[in-house]
Amino acid sequence: MNDLTRRGFLGLAGAAGVAAGLAACAGSGSSPTSSAGGGGPIQFWSNHPGTSKDTETKIIEAFQKANPGFTVSLIDGGKNYEEVAQKFNAALAGGQLPDVIVASDVTWFNFALNKQLAPLDDLLAAAGLKTDDYVDALYNDYTFNGKHYALPFARSTPLFYYNKAIWSAAGLPDRGPATWAEFKEWAPKLAAVVGADKVPLQMADGSNYLDWYFQNMAWSMGGQLSKEWTATASDPKTVAAGTFLQELAKNKWVKFSKSPDAEFSAGIAACALQSTGTLGGITKNAKFDFGTAFLPGDGACPTGGAGVAIPAGLSDERKKNAVKFIEYLTNVESTVTFTQATGYMPVRKSALNNDAEKAFLEKNPRAKVAVQQLAKTRSQDNARVLVPGGGARIGKALDQIVQGQDVATVFAALDKETQAAIDSQIKPKL
Amino acid sequence: MQPAAEVATGVRAGPPPPVGPPPRRSGTDRREWLLAAALLLPNLALLTLFVYRPLIDNFRLSFTDYNISSPTGATPVGTANYVEWLGRDDTRTILGNTVVFTFATVLISMVLGLALALLLDQKLRGRNVVRSLVFAPFVVSGAAIGVAFQFVFDPSFGLIRDLLTRVGASTPDFFQDTGWALFMVTTTYIWKNLGYTFVIYLAALQGRRIDLDEAAEIDGASPWTHFRRVLLPQLRPTTFFLSITVLLNSVQVFDLIYAQTRGGPVGTGTTTLVFQVYQETFVNMRAGYGATVATIMFLILLAITFVQVRVMDRGSTA
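For the record, the sequence lines run as chains A and B.
Position 238 (the first sequence) corresponds to 245 in my numbering; numbering is contiguous.
Position 20 (the second sequence) corresponds to 266 in my numbering; numbering is contiguous.
With the rest of the complex left out, here is chain A (with noise of 0.2 Å):
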């Protein structure tokens, strides 16, 4: 008896191993069922960008108020665009698909050009919903093969953070610099009103999106990092901005950092470029007065954030209900809401006369000053955006430059490496 108890146990045993195994094998996700395109469960994988997940809750609880039968799970995707991209990978190779994600703007290209994303131009049509409205230089930026990938979501800007009090101390304008040549004139005057300790510009470093901030500094000075799909960072004057950049560097007038807006806002620094996203945490954090400007380099200044976009590997029900969702994400009432609590800039053409949001940027000159800027933008290069890895991979030259290695040569290999990225991943593609 006692005998058959333990092969039974064993047997048992074996049983559940194997069960487990195969249930590890079907992964631990559950797939969404869809209902038939009126209603259903919805997966939004997000990293709520600018700390938003309340916000992204709110709005939620509203599209479900006003949508009965539809039921939204809002999903921590990461902690940054990068990892939702790395999860959504994952997903395409287990097969349980998000019904929506938070694609950045160097992350939706790839999934866009392997087919992986829905394009949405057939669905918003299809569902009667127009997309003029959408501000055209966001709404084109996920246009490819004349498609869009993606609609508008937290869109962001670099924006010019400057502390008044040093900024008065240095006997400067109430303003930030119209050049980068005449921030190069106030350095020195900054360096000597903040001391040692501290510094006159704080920067991301080349891990933490430098290559974003960088296309201002070389934009303004006539450079650009690729045309169309040619890298051009070794042109003369993309290595004049590098060569700025280091010797802004090589004067102690710039620091590099993980999150620049932390040092800002601890009165580390006496100015900063950081995100339009990061305006809701300065204002928490930083315990002294501080204005807003426009990037140096009139028209100089890089969109960036991200969209929301819809798998392509959905049924067709699951993307009705998707749209539906994304459309609601970012209507005026929402793009108000969203903008409002964190920075990021409205999507809406009509948000702008929405009497809320007027009467929040009366209130709030330094996000009026964000948004004014929206006009000043234009599209990012190719080179960081759309092929593979051009973020980390002009961030380390970026980081090298600033370490002191030879400009036209750090940017010449890198040119190299992203012409060897377009010719194997992008063109055969195209």
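Worth double-checking, as some hints may not be accurate.
[Stated by the list, open to error] Just some of the chain A residues that point at chain B, by a computed CB distance under 8 Å:
id, residue
1, Q93
2, N96
3, L99
4, F118
5, N121
6, K122
7, Q123
8, G213
9, S264
10, K265
11, E270
12, A273
13, I275
14, A399
15, K403
16, Q432
Read the hints as simulated data drawn from the structure, not as lab findings.
Bear in mind that the values here come from a model prediction, so they are computed numbers and not experimental data.
Idealized CB from N, CA, C, for every residue including glycine.
Chain B: place on chain A using the hints.
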């Protein structure tokens, strides 16, 4: 009565050789086989599914060009990825980082772990509390420790800056200087891993032969002689076990590096082989090349483990 041959040799003869067809396996034999199969098969199935199959799949992918997002799969490229790895500028840097990080963590965490184990093996007041404190970081996730240690090393706000400022020294930029960045991730990992080496050494020390300690004491051995001639030889299997497990764990550290530096500064300042696998696969979208680096890493680890086993075998038979 014994046969004469048996009496002469003193060896009992075996049973006579079987004649005819082999006997059918008894019911007991079959039950033993079934029991063995029931015990082994589930584990073998899981190992095959989650270890051997991915290993073979990785090896296959290493000979392809494969964008991880592509639904069309991989394109064969022969040995091109291996040739590229051998010729790339960053290969030397990344291998160097891996060697420095791994050997520093293995050596220092083992030496410190042993020292702490020797200390906390003594009858000291509050030793159980200290033992728990030393072991605690090992069970905390690397990502959490990585984030927490940013506040230690941050050149603007960190604890180290605070301490150095008090003595009038300047703070290195742990996040921008490649040497200091590697120092930072290595130190952080040693701190996290110390509890593991400590607890294993402590267990070994507590299982040692007390009679040898007493004999050494009677012989008047100095503490150093006692340590070198009595304790260390008894700890040899533990040292061997730790050298392999700590090495394998160190080579595979990812979360901590991701949280602290993302492999930077300067792109590859703290990039190790395992981090390069991630970078190529998920950032540069080159899963084929990532698989190549993973295969090379596997082969290097296999070779090192093989050498360690041989050295240990020689040591134990000498």
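Hints versus structure:
1. Q93: The hint holds - Q93/A has a Cβ within 8 Å of chain B, the shortest such distance being about 5 Å.
2. N96: holds (5 Å)
3. L99: At about 6 Å, which falls below the 8 Å cut-off, the nearest Cβ of chain B leaves the hint on L99/A intact, so it holds.
4. F118: holds (6 Å)
5. N121: holds (4 Å)
6. K122: holds (6 Å)
7. Q123: holds (5 Å)
8. G213: holds (6 Å)
9. S264: holds (7 Å)
10. K265: It holds, given that the least Cβ distance between K265/A and chain B is near 6 Å, below 8 Å.
11. E270: Holds. Min distance 5 Å.
12. A273: Cβ of A273/A sits 7 Å from chain B, so the hint holds.
13. I275: Hint holds; I275/A Cβ to chain B Cβ min 5 Å, cut 8 Å.
14. A399: Interface hint status for A399/A: holds (5 Å vs cutoff 8 Å).
15. K403: Constraint on K403/A satisfied, holds at 3 Å.
16. Q432: holds (6 Å)
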